[in-house]
Amino acid sequence: MRAVMASGGAFLQRGVAAIAALATLLAAGATRAQERVPYQAELADTAKRDVAKAGGVEWSCAGTRCTTEARGGNVTVRGCSELARAVGTVVRYRSEVKSLGQAEIAECNRLAGAPAAKAPAAAKAATPSGPRVITRELTYTGVWPPGARQ
Amino acid sequence: MRLAAAALLALFAGAATAQELNLDVPVRVADVHPSVAVGSVSCSLFADPDGPVNNLGYLGAGTKWFQLKDGAFAGTVTVPVKVSAQSVPRAYKCGLFLIFKEGGRTLTAAAARVSDPDAPEYRAALRRAERSAFAGEVRGTIGR
Numbered sequence: 849m850r851a852v853m854a855s856g857g858a859f860l861q862r863g864v865a866a867i868a869a870l871a872t873l874l875a876a877g878a879t880r881a882q883e884r885v886p887y888q889a890e891l892a893d894t895a896k897r898d899v900a901k902a903g904g905v906e907w908s909c910a911g912t913r914c915t916t917e918a919r920g921g922n923v924t925v926r927g928c929s930e931l932a933r934a935v936g937t938v939v940r941y942r943s944e945v946k947s948l949g950q951a952e953i954a955e956c957n958r959l960a961g962a963p964a965a966k967a968p969a970a971a972k973a974a975t976p977s978g979p980r981v982i983t984r985e986l987t988y989t990g991v992w993p994p995g996a997r998q
Numbered sequence: 077m078r079l080a081a082a083a084l085l086a087l088f089a090g091a092a093t094a095q096e097l098n099l100d101v102p103v104r105v106a107d108v109h110p111s112v113a114v115g116s117v118s119c120s121l122f123a124d125p126d127g128p129v130n131n132l133g134y135l136g137a138g139t140k141w142f143q144l145k146d147g148a149f150a151g152t153v154t155v156p157v158k159v160s161a162q163s164v165p166r167a168y169k170c171g172l173f174l175i176f177k178e179g180g181r182t183l184t185a186a187a188a189r190v191s192d193p194d195a196p197e198y199r200a201a202l203r204r205a206e207r208s209a210f211a212g213e214v215r216g217t218i219g220r
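Protein chains in written order, with our numbering: chain A, 849 to 998; chain B, 77 to 220.
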C-alpha cells in the first residue's frame, strides 16, 4: 500500500511539473505575441499623407514607403486595405515576421477601392534581391538654423 | 588559360559561398547643419542574438549613403550586408552617421556621438534638439 502511495505521489509530482512547464511555455508565447515589431508598406505612388491610422496603429509615410510598429507581427488584408484607403495603392505589405502575398495585396487594394498596382515587377526590380529585415527608425533632429529650436 | 579557368572557378565559388541580407532602415533626419550634405546607415549582422551588445558572432557589415536636401532626409535606406552562405544571422545593429566637412577635411561620425556634449566627437553645430525624438542606433533579432 505504501509503495502504491509512493508511486502515486511521484506521478502527481511529475504531473505538477509538466503543468508548470506548459504554463511557462504559454507565458513565453504570450510575451512574444505582445512584442512590438516593425511593419512596412510599399506604395505604387507617393503617399497621399504623411501620417495615417490603419489597422489600429498610426503609420508614418515618406515617399512611397510607410512604416509603423505593432504587436505580434501578424499581417491582415483588412489592415492593408485600411492603409490603402488612406494613402493609396499598396504593392507590398509586411512585418518583420510575415508578409501578404500578391493575391492578398490585390484583394487589399480591391477592398480599399484603390487602383490595382500596375507594375509591381518594376518596383521589385528597383530594390535589391535577397532576404529582407525591417528595422526600427533612426531619428535625428538638429538645431539648424540657430534659434529655430531650443 | 589555366590561370583564367582558376580565376573563373574562384569567382563562382565565391558567389556560391555568399548570401546577401537587406536591412530596410527607416530614417528621419531634420534641421541638420549645412556642413552635412550626406548621411549614412551602417548595419552589422551577428550569429549570436546578443551580438549587437557584446559583438559576439560578428558576421559582416554594410553601409549605404543618402543625400540630405535642405538639411533633411526622410525615407527608407536599404543596407545590403554580405555574409557567408553557411552563416545564420540572428541579430542586427544599425547606426546613423553624419558625414561633414571641417577644416578642408571630410569626417564621418556617429550621430549618437557627434550630437552628445559628453562625447569627444561632439560638435556644437551638430547637437541634437532638446526634447526631440532621437534614435542613433537600432538593434533587433532576426528570425523566429
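Think of the hints as simulated: they come from the structure by calculation, not from any bench.
Hints are not guaranteed to be accurate.
Cut-off 20 angstroms, straight-line C-alpha distance, at most; resulting in silico cross-link-like pairs (SDA-like, lysine to any residue) [unchecked claim]:
| id | chain 1 | residue 1 | chain 2 | residue 2 |
| --- | --- | --- | --- | --- |
| 1 | A | K946 | A | T989 |
| 2 | A | K946 | B | G216 |
| 3 | B | K145 | B | H109 |
| 4 | A | K901 | A | T937 |
| 5 | A | K946 | B | K145 |
| 6 | A | K946 | B | I218 |
| 7 | B | K140 | A | K901 |
| 8 | A | K896 | B | V164 |
| 9 | B | K145 | A | D898 |
| 10 | A | K946 | B | V164 |
| 11 | A | K896 | B | R104 |
| 12 | B | K145 | A | A954 |
| 13 | B | K140 | A | A910 |
Here are the in silico distance ranges between beta carbons for each label pair [unchecked claim]:
| id | chain 1 | residue 1 | chain 2 | residue 2 | range |
| --- | --- | --- | --- | --- | --- |
| 14 | B | G151 | A | R958 | 51 to 59 angstroms |
| 15 | B | G151 | A | K901 | 18 to 26 angstroms |
| 16 | B | A148 | A | D893 | 47 to 55 angstroms |
| 17 | B | S208 | A | S947 | 40 to 48 angstroms |
| 18 | A | A954 | B | P110 | 41 to 49 angstroms |
| 19 | B | R181 | A | A964 | 17 to 25 angstroms |
| 20 | A | A964 | B | E206 | 51 to 59 angstroms |
| 21 | A | K901 | B | N130 | 23 to 31 angstroms |
| 22 | B | D146 | A | D893 | 41 to 49 angstroms |
| 23 | A | R926 | B | G151 | 39 to 47 angstroms |
| 24 | B | A94 | A | A951 | 41 to 49 angstroms |
| 25 | B | Q143 | A | D893 | 42 to 50 angstroms |
| 26 | A | V899 | B | G179 | 16 to 24 angstroms |
Where a beta carbon is used, it is the ideal one built from N, C-alpha and C, also for glycine.
These are the hints, each one checked on the structure:
1. A threshold of 20 angstroms between alpha carbons decides the hint, and for K946 (chain A) with T989 (chain A) the separation of about 32 angstroms lies outside it, so the pair is violated.
2. For the proposed pair K946 (chain A) and G216 (chain B), the alpha carbon gap of about 16 angstroms is at most 20 angstroms, so the pair holds.
3. Distance check on the hinted pair: K145 (chain B) and H109 (chain B) sit about 11 angstroms apart at the alpha-carbon level, within 20 angstroms; holds.
4. As the CA atoms of K901 (chain A) and T937 (chain A) are separated by approximately 15 angstroms, the hinted pair is consistent with the 20 angstroms bound.
5. Straight-line distance between C-alpha atoms of K946 (chain A) and K145 (chain B) comes to about 34 angstroms, which puts the hinted pair past the 20 angstroms bound.
6. The hinted pair formed by K946 (chain A) and I218 (chain B) meets the criterion: a straight-line CA distance of about 12 angstroms does not exceed 20 angstroms.
7. Distance hint between K140 (chain B) and K901 (chain A) is unfulfilled; the C-alpha atoms sit about 30 angstroms from each other, more than 20 angstroms.
8. At most 20 angstroms may separate the alpha-carbon atoms for a hinted pair to count; K896 (chain A) and V164 (chain B) exceed this at roughly 39 angstroms.
9. Straight-line distance between C-alpha atoms of K145 (chain B) and D898 (chain A) comes to about 18 angstroms, which keeps the hinted pair within the 20 angstroms bound.
10. Restraint check for K946 (chain A) and V164 (chain B): the C-alpha separation of about 19 angstroms stays at or below 20 angstroms, so the hint holds.
11. Of the pairs offered as hints, the one joining K896 (chain A) and R104 (chain B) holds, with about 18 angstroms between alpha carbons and a cut-off of 20 angstroms not exceeded.
12. Simply put, K145 (chain B) and A954 (chain A) have alpha-carbon atoms about 35 angstroms apart, too far for the 20 angstroms limit, and the pair is violated.
13. Proximity of K140 (chain B) to A910 (chain A) is assessed by CA-CA distance (about 18 angstroms); at most 20 angstroms being required, the pair is judged to hold.
14. Distance hint check: the CB atoms of G151 (chain B) and R958 (chain A) are about 28 angstroms apart, inconsistent with the given range 51 to 59 angstroms.
15. The beta-carbon spacing between G151 (chain B) and K901 (chain A), approximately 21 angstroms, falls within the hinted interval of 18 to 26 angstroms.
16. Against the hinted window of 47 to 55 angstroms, the Cβ-Cβ separation of A148 (chain B) and D893 (chain A) comes to about 21 angstroms, which falls outside the hint.
17. With their beta carbons about 32 angstroms apart, S208 (chain B) and S947 (chain A) fall outside the hinted range of 40 to 48 angstroms.
18. Taking the beta carbon of each, A954 (chain A) and P110 (chain B) are about 46 angstroms apart, inside 41 to 49 angstroms as hinted.
19. Between R181 (chain B) and A964 (chain A) the C-beta distance comes to about 52 angstroms, which lies outside the given range of 17 to 25 angstroms.
20. Distance hint check for A964 (chain A) and E206 (chain B): the Cβ-Cβ separation is about 47 angstroms, which falls outside the suggested range of 51 to 59 angstroms.
21. Checked against the hint of 23 to 31 angstroms, the pair K901 (chain A) and N130 (chain B) fails, with Cβ atoms roughly 39 angstroms apart.
22. Evaluation of the 41 to 49 angstroms hint for D146 (chain B) and D893 (chain A) yields a failure: the beta carbon distance comes to about 23 angstroms.
23. Here the CB-CB span from R926 (chain A) to G151 (chain B) is close to 27 angstroms, at odds with the stated 39 to 47 angstroms.
24. Between A94 (chain B) and A951 (chain A), the C-beta spacing of about 33 angstroms breaks the proposed range 41 to 49 angstroms.
25. Separated by about 22 angstroms at the C-beta atoms, Q143 (chain B) and D893 (chain A) break the suggested range of 42 to 50 angstroms.
26. In this structure, V899 (chain A) and G179 (chain B) break the distance hint of 16 to 24 angstroms, their C-beta atoms being roughly 41 angstroms apart.
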